[in-house]
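Number of protein chains: 2
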Amino acid sequence: MRSICAIEGVEAAGIKEGKYGLAIIRASGTAAATFTSNLVSAAPVNLMRERIAAGRLEAIVVNSGCANAYTGKKGYADAVEMSRIAAGALGIEADRIGIASTGVIGRYLDLERIGRQCKEVVPLLEHSAAAETAAARAIMTTDLVEKHALIEADGFSVGGICKGSGMIAPNMGTMIGVIYTDAEIGAADLQTSLRLAVRRSFNRVVVDGDESTNDCAFCTATGAAGRVPQAEFDAALQACCASLAQQIAADGEGATKLIEVRVSGAVDEEAAEAVARTVVGSSLVKTAVYGEDPNWGRVIAAAGRAGVRFDPDAVSLTIGEGEAETPLVRDGVIVSDLVRAKAAMHGRRVVFTLAIGEGEGSAAAWGCDLTEKYVEINGKYTT
Amino acid sequence: MRSICAIEGVEAAGIKEGKYGLAIIRASGTAAATFTSNLVSAAPVNLMRERIAAGRLEAIVVNSGCANAYTGKKGYADAVEMSRIAAGALGIEADRIGIASTGVIGRYLDLERIGRQCKEVVPLLEHSAAAETAAARAIMTTDLVEKHALIEADGFSVGGICKGSGMIAPNMGTMIGVIYTDAEIGAADLQTSLRLAVRRSFNRVVVDGDESTNDCAFCTATGAAGRVPQAEFDAALQACCASLAQQIAADGEGATKLIEVRVSGAVDEEAAEAVARTVVGSSLVKTAVYGEDPNWGRVIAAAGRAGVRFDPDAVSLTIGEGEAETPLVRDGVIVSDLVRAKAAMHGRRVVFTLAIGEGEGSAAAWGCDLTEKYVEINGKYTT
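Order-wise, the sequence lines are chains C and X. So for the first sequence, my numbering puts the first residue at 1; every next one is plus one. So for the second sequence, my numbering puts the first residue at 1001; every next one is plus one.
Isolated chain C, as found in the complex (with noise of 0.2 Å):
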């Protein structure tokens, strides 16, 4: 099993008709999440923010094709009949479901399609890698391929599906992320793990520059294992996210490269973290990975535009990884190699290690290329 089924007790099961799907996660366990920040939020992120500090799930259920946002009070009222539906097939109250939406913005949910798959999908819930897939597609809309991921640590694991390739795509779009581990932590702890871990990993995916109305992670700690050291805890719980952040940025739509973007030598985490994302969001920069080109100055350039102060003449840049690794630029001299550089950009990863030489924050982040493909995506797809 590769990921929410790698957790004792954690059943699945997953439909797909055309674009409309529906996946159900059942177990049991002290649950977090964490939502987009987007100021416009879809009415199942509205419901779950409330629902959600009772710190415990029994089951989530997420459908895909209708994102249920823009939909004012129907909307909501919507959002909360859809998990009274699945309440009633699960057997569990409707208050321990956890709910997620993707798909076309300003579309009311066809609640009698939820409640004729949630009823087809109910018998389905098992315990096997057939059933994660199963849940994994369900959920997937732009998505290329589904995502999984699993970090088996000194005797917990902790294991997530997710779908994405856009931060939004409002016909078809949104990062959900479904994370289950069998590590024993009460909610409070865990929605603080969880907040830590998608801030440095689905937070800092960068596709489109665009926020969906409908993003959220959950996790959920069924116990099954005990207790567990809370370090060793959220680096599990990172590793996990950073996993699946990752495939959803190689996954980007019209994506043909992975773009990772190391940043050190920040005052902070937090400056770190806004200039990597900044140079990974870069449209620039995107295009020059796109066309394999050297193009380093596009780099620098847009690490300046990010709001975070440091020496220009003090930068040092590198293209490639391991041995690949290709300086740039040292302490502000360029020593650009230009066609090893551009046979570190070959591959379907390219890494950018920016260190700013200001302090001891550093950050990654994620992004694709940019493509035509992408274009077409976005622009030749007709509402």
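Some clues are possibly wrong.
[Unchecked claim] Heads up, simulated BS3-like pairs for lysine-lysine below, C-alpha to C-alpha not over 25 Å straight-line: (1) C/Lys-373 x X/Lys-1373; (2) C/Lys-16 x C/Lys-119; (3) C/Lys-119 x C/Lys-19; (4) C/Lys-342 x X/Lys-1019; (5) X/Lys-1342 x C/Lys-19; (6) X/Lys-1074 x X/Lys-1119; (7) X/Lys-1373 x C/Lys-342; (8) X/Lys-1019 x X/Lys-1119; (9) C/Lys-74 x C/Lys-119; (10) X/Lys-1342 x C/Lys-373; (11) X/Lys-1019 x X/Lys-1373; (12) X/Lys-1119 x X/Lys-1016.
No lab work stands behind these hints: they were computed from the structure.
Chain C is already provided as a structure; the job is to place chain X on it using the hints.
Frame of chain C, contents of chain X only:
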């Protein structure tokens, strides 16, 4: 005459050799300038930040092909030398010469070429339509069209040329504006007026969200027309800059359409500007406009991540202007007629008007659609 040479006493000339161009504009007056806020600013920008403090210029020299950016101390010395060379050719003190550069980052100026071009251009200086055209063409890089604007106000005029087709494209990029007026205005007032005009024009153009190391706008006031009311001057200067800014947006790399986003009902102008810039810079809005897809959910979702508070259920959004204006959302209720909305996207200019119902602040921003051609220009060009 269409721009700078409509101002009495302004002489211009320019030549272009392949991608290396040089323009000189000569006219004496009080002067102001605004520059890029990118931390990584080019040598000519650093030099002019100091020099403009004297508030007086006799001429402006702009070269294209090399940005003289990320060139360290040698770059700064080269910028000083460039102004000395021009000063020698013009018979003017170097301290009274404004300079600007645009082109490749990370390469040194070819001062020999600059010297030769200065000697060739100075004898061509004249007050004519052909001269302002030659100057506007000499500073073009990836621009497809030269850009002129002229506002004839009551008793005075403001005319300008500019170049720019991406907020930055380090191979070939940057926005440079050169504006003249015959109004008489002190350097300090001129600086205040220019800063406001740039804020309301060039700073509201988003082609790709990147910001050049070399952006600058100069305004020189010859005073020939005598003193004019400050409010009238401000309006004329803003109209001139707004015209140039819209020409930059329309000539955005790969663009097929100009996008104008007007936001009203914000708590203040700054909030309205933030929303307008975020919407016009959204890759998803840009691709939707390219595809003539009336996907208004992308506009609302982009507005929601602008960092400005408003009630999503109280917004109104229209597409088109004048008789073609079509409501999409009214007070939070979806009223879109997708057939009419699509029709409003057919032309070269697409206008979204968003009212967020929080106050009296309003602002417009301009951008362009995102096309396969943008990707090709920026991805397929190899350093």
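Status of the hints after comparison with the structure:
Simply put, C/Lys-373 and X/Lys-1373 have alpha-carbon atoms about 11 Å apart, close enough for the 25 Å limit, and the pair holds. A threshold of 25 Å between alpha carbons decides the hint, and for C/Lys-16 with C/Lys-119 the separation of about 14 Å falls inside it, so the pair holds. Distance restraint check for C/Lys-119 and C/Lys-19: the Cα-Cα separation of roughly 18 Å lies within the 25 Å cut-off, and the hinted pair is therefore satisfied. With a CA separation close to 24 Å, the supplied pair C/Lys-342 and X/Lys-1019 stays within the 25 Å bound.
With a C-alpha separation of about 24 Å, the suggested pair X/Lys-1342 and C/Lys-19 falls inside the 25 Å cut-off, and the hint holds. Pair hint X/Lys-1074 plus X/Lys-1119 holds up; C-alpha atoms about 23 Å apart against a cutoff of 25 Å. The hinted pair formed by X/Lys-1373 and C/Lys-342 meets the criterion: a straight-line CA distance of about 22 Å does not exceed 25 Å. Pair hint X/Lys-1019 plus X/Lys-1119 holds up; C-alpha atoms about 18 Å apart against a cutoff of 25 Å.
Restraint check: the Cα-Cα separation between C/Lys-74 and C/Lys-119 comes to about 23 Å, which is no more than 25 Å; the hinted pair holds. Between X/Lys-1342 and C/Lys-373 the CA atoms are separated by roughly 22 Å; this keeps the pair inside 25 Å, and the hint holds. Restraint check: the Cα-Cα separation between X/Lys-1019 and X/Lys-1373 comes to about 20 Å, which is no more than 25 Å; the hinted pair holds. For the suggested pair X/Lys-1119 and X/Lys-1016, the alpha carbons sit about 14 Å apart, so the restraint of at most 25 Å is met.
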